[in-house]
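For the sequence shown, our numbering begins at -12 and goes up steadily by one.
Please note: incorrect hints may appear among the correct ones.
Unchecked claim - Computed list of lysine-lysine pairs in DSSO-like fashion (alpha-carbon distance at most 30 angstroms, straight line):
1) Lys(-7) - Lys9
2) Lys40 - Lys28
3) Lys155 - Lys62
4) Lys40 - Lys52
In short, the hints are calculated from the structure, not lab data.
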Amino acid sequence: MENKIKSENLLLIFTRNPELGKAKTRLAKTVGDEKALEIYKFLLDKTKEITSKVTSDKAVYYSVKIRENDIWDAKSYQKHQQVGEDLGIRMLNAFKNSFAAGYQKVMIIGSDLFDLTSENIENAFQQLDSNDVVLGPAEDGGYYLLGMNALQEDIFKNKDWGTASVRKDTLIDLQDKAVFLLKELNDVDVFEDIEHHSAFQQFLQ
């Protein structure tokens, strides 16, 4: 295997390829495709900045195709393709790959969260010493971070991805597990998520 394991922990970063008209489509309805793409690239840069300080191994999973010379330096980030017909199956396949490669704790984040910090992520890995699963609740009813120390296959199935019921249904699947909830944060999906956030005013002038 070309990617040598350096750490027992692996952080997965799910990204969409930043293409006009395909990035942040719900946000684009308000600000237009070009602004939405600018904002998504800004969020990608922020995600890279946060994750570059995390001590675990890291892997970027691309939605469409793997890019070589992009912001993710191949020396620091393994690169993979997302596989599966919906978000749940794509995440499940990424977690399966990671545990099969020998990682003990695996965690996933998206790339649309401005308020996440590297401390949040390091803390989440630590919580997996005494919990089965760690979950970062998003304000919209989903989650912005999911980590586990053994594969919990059920949580990736039978969910209405992108709706407000995802977290609730996930926690029902995990009733008999020890779950640690991080603080609630807001990911950026629609205009209201950035309207009053100081970091995004530069795009709204």
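Hints, one by one, checked against the model:
1. Straight-line distance between C-alpha atoms of lysine -7 and lysine 9 comes to about 34 angstroms, which puts the hinted pair past the 30 angstroms bound.
2. Distance hint between lysine 40 and lysine 28 is fulfilled; the C-alpha atoms sit about 19 angstroms from each other, no more than 30 angstroms.
3. With a CA separation close to 37 angstroms, the supplied pair lysine 155 and lysine 62 exceeds the 30 angstroms bound.
4. Annotation: proposed proximity of lysine 40 to lysine 52 holds, straight-line Cα distance about 25 angstroms (limit 30 angstroms).
Of the numbered hints given earlier, the model fails hints 1, 3; all others are met.
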